[in-house]
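Listed here are the chains, written in short residue letters.
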Amino acid sequence: MIAEAFEFPEINAILRWKDLFPTFNKIALIAVAAAVIGSVIFILAGRKNALEAPKGVRNLAETSVEFIENGIVMQTMGKEGLGWTPFLLSLFIFIYLCNVPGIIPFLQMPATARMAIPVFLSLLVWVIYNGVGLKHQGIKYLTNTIWPPGVPVALKPLVGIIEFISNIIVRPFSLTVRLFANMLAGHILLVTFALLTSSLITAETSQFLLKPMAILPFFMLVFLTAFEVLVAFLQAYIFTILTAVYIGGAAHPEH
Amino acid sequence: MEALARLIVTEPPQTPSDVKAAAAATSAGFAYGLAAIGPGIGIGYLVGKSVEAMARQPEAAGMVRTTMFLGIAFTEALALIGFVVFILIGL
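Taken in sequence, the protein lines are chains H and V.
Position 245, counted from 1, in the first sequence is what the numbering used here calls 245; the numbers after and before it change by one each time, with no gaps.
Position 62, counted from 1, in the second sequence is what the numbering used here calls 62; the numbers after and before it change by one each time, with no gaps.
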């Protein structure tokens, strides 16, 4: 029976590694590498002569800056939000480089598939957009977030509670869970199909048709790997664009 | 009939933890399955309408696409919370 041969490992077995040395594991290694690689790319690009036609690493850097400016900042915050480009760019690059190891052979673990990095990033975003709101609107920010303009007085208590929960509590939570659960789901899918392929190949059975069946989960695995390339990019994009929307919304109240 | 009786007798007795594990597995499946229905319908509707809008007005495609991704992100969060519950209960 194939069901007996196929034992799915404990969730901890596919998410934990032995510490490289105390308090420093593979996730931390990937996160540090993402930060270092991202910084190195942009420092190298910044050193190139700006008057020459861009090539190599500078080309990459200019494309990503342009993508953040045109694809994210201009769409959500408009011209006055352009000052946020460096922050959003570093956020995007860091999350993307943390996501991508999920499909790189031998690393094969997105650093964002553990809760720690998404939680930290969304708490950072929470502090920033609330800070921006308090800076731009003063103390009125609090009432503006809780009561959108034009709410009838009778509804104010109800709307106040709902808006408070959705703006202050649910936003960082959903930012975290969106990134974390997407990457974890992708990782578990990849593990499942890889295990299915390998257990079909190594199955001890007298049915000669069983082993060639391994081609089916293998094709699914290839397809899912391609899908994860897309997901890694899309999740970084969505996290960044939501950050931009929250910051833009806090800076300029709705009328 | 006799074979059936032998099957029932030879089955190991159920312990409370077995029952609990079975209930957890079942409810984890339900948690994710039910949580995926609404967002599935929602994302399908959302993307369909966006494609309609893009086909109608190709010059507004960029704006529609950005808004579409925002909408997908908000809708998808519900399914993902269901997925997290699935992991918390089931594994």
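Since the hints were made in silico from the structure, they are not lab data.
Computed from a predicted structure; not experimentally measured.
Using N, Cα and C, we set each Cβ at its ideal position, and we do this for glycine too.
Among the hints, a few may not be true.
[As the list claims (entries may be wrong)] Stretches of chain H that chain V covers, calculated by requiring three or more beta carbons in the stretch to come under 8 angstroms of a beta carbon on chain V:
(1) 24-35
(2) 167-179
(3) 209-215
[Claimed, not checked] A few chain H residues that face chain V, going by a derived Cβ cut-off under 8 angstroms, partial list only:
(4) 57
(5) 75
(6) 158
[What the hints assert, rightly or not] What follows is a set of in silico ranges between Cβ atoms, one per label pair, in the way DEER data are often shown:
(7) H:189 to V:65: 37 to 43 angstroms
(8) H:158 to V:20: 44 to 50 angstroms
(9) V:14 to H:219: 36 to 42 angstroms
(10) H:10 to V:27: 52 to 58 angstroms
(11) H:136 to V:27: 14 to 20 angstroms
(12) H:153 to V:24: 46 to 52 angstroms
(13) V:56 to H:208: 22 to 28 angstroms
(14) H:53 to V:88: 51 to 57 angstroms
(15) H:44 to V:33: 36 to 42 angstroms
Checked hints:
1. 24-35: violated (count 0)
2. 167-179: holds (count 3)
3. 209-215: This one is violated; 0 residues, fewer than the three required, reach chain V with a Cβ under 8 angstroms.
4. 57: 27 angstroms, violated
5. 75: 4 angstroms, holds
6. 158: 21 angstroms, violated
7. H:189 to V:65: 37 to 43 angstroms: 26 angstroms, violated
8. H:158 to V:20: 44 to 50 angstroms: Given about 39 angstroms between the Cβ atoms, the range is violated.
9. V:14 to H:219: 36 to 42 angstroms: With a Cβ separation near 40 angstroms, residue 14 of chain V and residue 219 of chain H satisfy 36 to 42 angstroms, so the hint holds.
10. H:10 to V:27: 52 to 58 angstroms: Hint violated: Cβ distance 19 angstroms, outside 52 to 58 angstroms.
11. H:136 to V:27: 14 to 20 angstroms: Violated: the Cβ-Cβ distance is about 46 angstroms, outside 14 to 20 angstroms.
12. H:153 to V:24: 46 to 52 angstroms: Since residue 153 of chain H and residue 24 of chain V have Cβ atoms about 48 angstroms apart, the given range 46 to 52 angstroms holds.
13. V:56 to H:208: 22 to 28 angstroms: 56 angstroms, violated
14. H:53 to V:88: 51 to 57 angstroms: Once the Cβ atoms are compared, 53 angstroms apart, the range 51 to 57 angstroms for residue 88 of chain V and residue 53 of chain H holds.
15. H:44 to V:33: 36 to 42 angstroms: Cβ of residue 44 of chain H to Cβ of residue 33 of chain V: about 49 angstroms, so the range 36 to 42 angstroms is violated.
Comparing the model with each numbered hint stated earlier shows that hints 1, 3, 4, 6, 7, 8, 10, 11, 13 and 15 do not hold.
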